[in-house]
Amino acid sequence: MSDSPILLRVRGLCVAIGEGEDAVRPVDGVDMEIRRGETFALLGESGCGKSMTALALMRLLPPGGRIQSGEILLDGVSLPDLIERDMRRERGGRIGMIFQEPMTSLNPVMTIGEQIAEAVRLHEPEQARNPRLRVIELLRSVGLPDPERRTDEYPHQLSGGMKQRVMIAIALAGRPSLLIADEPTTALDVTIQAQVLDLLKGLQRQTGMSVLLITHDLGVVAEAADRVGVMYAGQIVETADCGEFFRDARHPYSRKLFQSLPESRKRGRRLAVIKGSVPSPRRRFDGCRFADRCDRAGEPCQGQVPLCTLVAMRHAVRCHFAEEPDLSATGPGSIDPTPADAGRNPPVQAPLIEIKGLRVHFPIRAGLLRRTVGQVRAVDGVELSLAAGRTLALVGESGCGKTTVGKAILRLIRPTAGEVLLQGESLAGLSGAALRKRRADMQIVFQDPYSSMNPRMPVADIVAEGLRAQGKAGKPDQLRARIAQLLQQVGLPEEALDRFPHEFSGGQRQRIAIARALALDPKLIICDEPTSALDVSVQAQILNLLKDLQQQLGIGYLFITHNIAVVSYLAQEVAVMYLGRIVECGPVEAVLETPLHPYSRALLDSAPIAEANRHVERQPLQGDMPSPSAPPPGCHFHPRCPKAQPLCRETYPKESLLESGRRVSCHFPLGLVLDSWPGRVGMYSCPPFRGRTG
Amino acid sequence: MMPELVILWTDALIFLLVAGILLFAGYARRREPLCAPWRKVVRSRVGVASLIVLFAYVAVGLLDSVHFRAQDAKGVETGEVLSLFDRIASPLRTRQEKTYSAPLALHLYAKENIETPDGNTVRDYPRLEHAGSHLATGSAAILDQARLLLVGAFEGLLLWAGVVALLAGLLAWREGSGFLQQMEVLFTGDEEDIPWTTVLVMLGMILVLGAASWQLAQHYHLLGTDKVGEDVFYQALKSIRTGLVIGTLTTLVMLPAALLLGMMAGYFGGWIDDLIQYLYTTLNSIPGVLLIAAAVLMLNLHMDNHAEQFGSVQERADMRLLFLCLILGVTSWTGLCRLLRGEALKLRELDYVQAALSMGVGHFTILARHILPNVGYIVLITLVLDFSGLVLAEAVLSYVNIGVDPTTYSWGNMINSARLEMAREPVVWWSLLASMMFMFILVLAANLFADAVRDAFDPRLRNER
Numbered sequence: 000m001s002d003s004p005i006l007l008r009v010r011g012l013c014v015a016i017g018e019g020e021d022a023v024r025p026v027d028g029v030d031m032e033i034r035r036g037e038t039f040a041l042l043g044e045s046g047c048g049k050s051m052t053a054l055a056l057m058r059l060l061p062p063g064g065r066i067q068s069g070e071i072l073l074d075g076v077s078l079p080d081l082i083e084r085d086m087r088r089e090r091g092g093r094i095g096m097i098f099q100e101p102m103t104s105l106n107p108v109m110t111i112g113e114q115i116a117e118a119v120r121l122h123e124p125e126q127a128r129n130p131r132l133r134v135i136e137l138l139r140s141v142g143l144p145d146p147e148r149r150t151d152e153y154p155h156q157l158s159g160g161m162k163q164r165v166m167i168a169i170a171l172a173g174r175p176s177l178l179i180a181d182e183p184t185t186a187l188d189v190t191i192q193a194q195v196l197d198l199l200k201g202l203q204r205q206t207g208m209s210v211l212l213i214t215h216d217l218g219v220v221a222e223a224a225d226r227v228g229v230m231y232a233g234q235i236v237e238t239a240d241c242g243e244f245f246r247d248a249r250h251p252y253s254r255k256l257f258q259s260l261p262e263s264r265k266r267g268r269r270l271a272v273i274k275g276s277v278p279s280p281r282r283r284f285d286g287c288r289f290a291d292r293c294d295r296a297g298e299p300c301q302g303q304v305p306l307c308t309l310v311a312m313r314h315a316v317r318c319h320f321a322e323e324p325d326l327s328a329t330g331p332g333s334i335d336p337t338p339a340d341a342g343r344n345p346p347v348q349a350p351l352i353e354i355k356g357l358r359v360h361f362p363i364r365a366g367l368l369r370r371t372v373g374q375v376r377a378v379d380g381v382e383l384s385l386a387a388g389r390t391l392a393l394v395g396e397s398g399c400g401k402t403t404v405g406k407a408i409l410r411l412i413r414p415t416a417g418e419v420l421l422q423g424e425s426l427a428g429l430s431g432a433a434l435r436k437r438r439a440d441m442q443i444v445f446q447d448p449y450s451s452m453n454p455r456m457p458v459a460d461i462v463a464e465g466l467r468a469q470g471k472a473g474k475p476d477q478l479r480a481r482i483a484q485l486l487q488q489v490g491l492p493e494e495a496l497d498r499f500p501h502e503f504s505g506g507q508r509q510r511i512a513i514a515r516a517l518a519l520d521p522k523l524i525i526c527d528e529p530t531s532a533l534d535v536s537v538q539a540q541i542l543n544l545l546k547d548l549q550q551q552l553g554i555g556y557l558f559i560t561h562n563i564a565v566v567s568y569l570a571q572e573v574a575v576m577y578l579g580r581i582v583e584c585g586p587v588e589a590v591l592e593t594p595l596h597p598y599s600r601a602l603l604d605s606a607p608i609a610e611a612n613r614h615v616e617r618q619p620l621q622g623d624m625p626s627p628s629a630p631p632p633g634c635h636f637h638p639r640c641p642k643a644q645p646l647c648r649e650t651y652p653k654e655s656l657l658e659s660g661r662r663v664s665c666h667f668p669l670g671l672v673l674d675s676w677p678g679r680v681g682m683y684s685c686p687p688f689r690g691r692t693g
Numbered sequence: 000m001m002p003e004l005v006i007l008w009t010d011a012l013i014f015l016l017v018a019g020i021l022l023f024a025g026y027a028r029r030r031e032p033l034c035a036p037w038r039k040v041v042r043s044r045v046g047v048a049s050l051i052v053l054f055a056y057v058a059v060g061l062l063d064s065v066h067f068r069a070q071d072a073k074g075v076e077t078g079e080v081l082s083l084f085d086r087i088a089s090p091l092r093t094r095q096e097k098t099y100s101a102p103l104a105l106h107l108y109a110k111e112n113i114e115t116p117d118g119n120t121v122r123d124y125p126r127l128e129h130a131g132s133h134l135a136t137g138s139a140a141i142l143d144q145a146r147l148l149l150v151g152a153f154e155g156l157l158l159w160a161g162v163v164a165l166l167a168g169l170l171a172w173r174e175g176s177g178f179l180q181q182m183e184v185l186f187t188g189d190e191e192d193i194p195w196t197t198v199l200v201m202l203g204m205i206l207v208l209g210a211a212s213w214q215l216a217q218h219y220h221l222l223g224t225d226k227v228g229e230d231v232f233y234q235a236l237k238s239i240r241t242g243l244v245i246g247t248l249t250t251l252v253m254l255p256a257a258l259l260l261g262m263m264a265g266y267f268g269g270w271i272d273d274l275i276q277y278l279y280t281t282l283n284s285i286p287g288v289l290l291i292a293a294a295v296l297m298l299n300l301h302m303d304n305h306a307e308q309f310g311s312v313q314e315r316a317d318m319r320l321l322f323l324c325l326i327l328g329v330t331s332w333t334g335l336c337r338l339l340r341g342e343a344l345k346l347r348e349l350d351y352v353q354a355a356l357s358m359g360v361g362h363f364t365i366l367a368r369h370i371l372p373n374v375g376y377i378v379l380i381t382l383v384l385d386f387s388g389l390v391l392a393e394a395v396l397s398y399v400n401i402g403v404d405p406t407t408y409s410w411g412n413m414i415n416s417a418r419l420e421m422a423r424e425p426v427v428w429w430s431l432l433a434s435m436m437f438m439f440i441l442v443l444a445a446n447l448f449a450d451a452v453r454d455a456f457d458p459r460l461r462n463e464r
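Just so you know, the sequences run in chain order A and B. Residue 549 in numbering that gives the first Met the number 0 sits at position 550 of the first sequence, with consecutive numbering throughout. Residue 277 in numbering that gives the first Met the number 0 sits at position 278 of the second sequence, with consecutive numbering throughout.
It should be emphasised that the hints constitute simulated quantities derived from the structure, not laboratory data. We put the beta carbon where it would ideally sit given N, CA and C, even for glycine. Treat each hint with caution, since some may be false.
[What the hints assert, rightly or not] Now the in silico label distances, taken between C-beta atoms and shown as ranges:
| id | chain 1 | residue 1 | chain 2 | residue 2 | range |
| --- | --- | --- | --- | --- | --- |
| 1 | A | Leu552 | B | Leu344 | 35 to 45 Å |
| 2 | A | Glu113 | B | Phe186 | 57 to 67 Å |
| 3 | B | Ile141 | A | Arg65 | 54 to 64 Å |
| 4 | A | Gly490 | B | Leu325 | 50 to 60 Å |
| 5 | A | Pro107 | B | Ile271 | 24 to 34 Å |
| 6 | A | Pro107 | B | Ser176 | 50 to 60 Å |
| 7 | B | Leu325 | A | Glu113 | 35 to 45 Å |
| 8 | A | Pro492 | B | Leu83 | 34 to 44 Å |
[Unchecked claim] Straight-line C-alpha distance at most 25 Å; calculated SDA-like pairs for lysine to any residue:
| id | chain 1 | residue 1 | chain 2 | residue 2 |
| --- | --- | --- | --- | --- |
| 9 | A | Lys471 | B | Lys345 |
| 10 | A | Lys474 | B | Leu321 |
| 11 | A | Lys522 | B | Arg42 |
| 12 | A | Lys436 | B | Leu289 |
| 13 | B | Lys345 | A | Lys474 |
[Said to hold, decoys possible] Over 12 Å on every C-beta distance to chain A, these chain B residues come out as not near it, computed from the model:
| id | residue |
| --- | --- |
| 14 | Arg30 |
| 15 | Val45 |
| 16 | Ala140 |
| 17 | Asp143 |
| 18 | Ala152 |
| 19 | Pro255 |
| 20 | Gly361 |
| 21 | Ile365 |
| 22 | Ile370 |
| 23 | Val383 |
| 24 | Leu384 |
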């Protein structure tokens, strides 16, 4: 592909928003080339200008924004010079675009067929009379099952993954030679993400179009891209072929990104963090944009703007030290040499919290009398236990009920059945004041650091809220000292006390949320995807902090997440959840190395891993997760399971307990001989087990 | 001897409201998130201009809300209850003519039999008793009026210059910079700050207009007289208080119920929600005008039967005004309640409310600390938007005779008494025009102010621009 002709050439692209002195320049000198049939990944953290670059290519900048300088040549046509009418033909014609959020990109009151037909009519006038055939053809090409029927459905009848397929179909209607995909899979689950990435790759093979893939996820880059450009503060700081990039990233920023990725190899060590934060787009630079945050920054970095240096074939780096060998020898994927003090796992003690037969059913009411006509079984018989000072990760796709488990433990949702024992004491019977008092022992940290704090309260009040509610506030100056100490514990300065949440960045807000949870000296903190809204480098800071706090204070974490990499880095035990039930549970090394349940296997396979040559052929999991209001009969997973047998359609598998503490609910666990399960003991490579009626 | 103060019910509530606003301002001064949107309001041209107009109205309204028992020259109580505004405007109040006269006219609007000094009877327009009484017979009124206008305008300009100097002095003192420097800021304006030029222009217009009309009104009937010969300009000014009372106290009356019920319905859900929803849907389906009519007529009957409970006509009229506010409040709280329920429903699911719950914070503490401050913007926007609607509602209700007491000055009453005269030939138009004009300016200012407030407070609009 490296010799195919260049399709898109961007030179010195500058985008300005606003006028004169106050103008913000989110894109400031971007150069890139995309060849025909190539996937170019634009990688960067939020606020680095990657989406703005895409919008500039489409000439769809927000009000006040304009292309200040630079050239954009698409197949020899200069896009900035086109008049608006011609540009409109290019959009959706030669350049297609898909967005991050498929839920809001489709008009809810039009059938998807009409919405695709709209694009077909615009770009293929000869089909305008009867676009239906072309619509069905497009839907079939994006792998939507039963396209004849689907064309007449409305967006709400489709799942998120299907909607993204429809968006791709619309983008394909104009037969684009360049497809811009702006975080196309960020809002989707890993299994669906794998499907969509495979689809894009397949389409690319068929049509020979180029793809500009915008993402923040190194894993997605490794899965899907041919070339990669790392963006930082409005510039591309490194471009390379994908393989080369993952083998030998040269820019200090790219390296730091690799080092801050959580992985199982880094267990027990601190993740590398990038000091400081992304510079404001208002800032003017005299030297290297990364100099303030770079460990290697030296004399030339502050005063002299680094130029793009070619370090190898098709590998350019914008760094003064690009050609020097890396002194710290921290190549990509290698480990931060400063180990944190504990790689050891804390000893297993009596369980801190035990969850027995937890069920949360939401009634579906219908009709005049609001009679219950069905149940949404969000959580359907979950058993878990967690010892103090340990981390149990609960993984699963969105909608599997993992957040509901967390809320039911905290009694934020009243469980339908089952009990939660905290240090042997049941919480089920508690109510009113007794429950409020007991709540001090269990705290929660939420996913979205923006909605988890009252925007009208200063930080001091936010952190003190629990202390006040529990009557432990004490005298004002004592309280203030305590809060200052808590803030210091999570790495925030004392000045933060009187400031308001909006003055902090996402990572800092998450620290405040952790301080708030710590204020009551809890024994258990439920972390509900605490890092999934954060950038990689910030995620590393928060994970380090959580790990440190656990070692200092011996708190147990129930870590709810969909990110397998975080699980492998942080947790000691893992439970995989599917449609309200735990399908597999056990020590993290065992489960991630040799998953027994086909669903665990599929989850692991779908999770993109940031390593070179990850273009492995694999079978992505087909279909979507069924609705918890009507789970399939038999094993819930059988409609998507590659190993399903007739037995799976009939009965839900009993839970089998293996000796190492692993539990699995499957008739035919992977790696075990079919006819001997569950039966004779001691014949398998896997630890012995005993069957258990569940 | 100091006259005895009379505190009417509405006076007390108005001053309570003013005190509340001042207290809140003092509290908010030190809290940036509370100040920031207000700063945005005063930094918009429309916002600050409408605010100044509103201030002018409020000033008249407040002056009209300090009541005392009137005394005659010897210090004997006359039994009348007057306000500070009445005292200031006594030339307008006391100079009553016989019947209609056109604005700035010297003669009545109707022909009468006039006895000439020589004993004959002539049918002609009689000379007004008070208007232009200082004029020498035969001299043209128009010249005198032009002179008064110029004098007034000059006075207004002087006053304006004084205010500007005071403002510059205050700013210089606050900023710690020079007086002249601040003068420059005031006149050239500063992009980031309050649009001072707009402030100055608005102030100048109001002061010049005010002083000129004051000069004219002292010697003529600026906006004519009504059927019983009362000065229409005076009536229109007196009506300001009624409008403001209706517009503010009504919302104040409905606020606690709407706030509490709306937030509870949204936050608790379940049967509490059902109950509250049932309550307000029922209330909403009763035709509002009928309910108001029934309540006002019942009150009338009650007041007629217990006339001894009311010390003066004013107290009686005031009671009726307050009651009108109450009943308007009862019929109009449902809209706000519904809005608040929706917002609370949304807020209840937010993570910080969940976090507070998981820390064991009580439900009512959550309502007060997390829900209330975050629905504040809805309450404020609704209040400001409702204000103009209520001022208009008063006019309509008084027009159909179920509004304020007929003795209370109000725009609605003015329109009501003027409507028949529209059928007269020649038309008596000034009563209607005066009330409409005053009402129009107030409602326009209130609406523009409401827009500015919404732009500043509504989080959904905050990211635009």
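Hints numbered earlier in the text: which of these fail when held up against the supplied structure?
7, 8, 9, 10, 11, 12, 13, 14, 20, 21, 22
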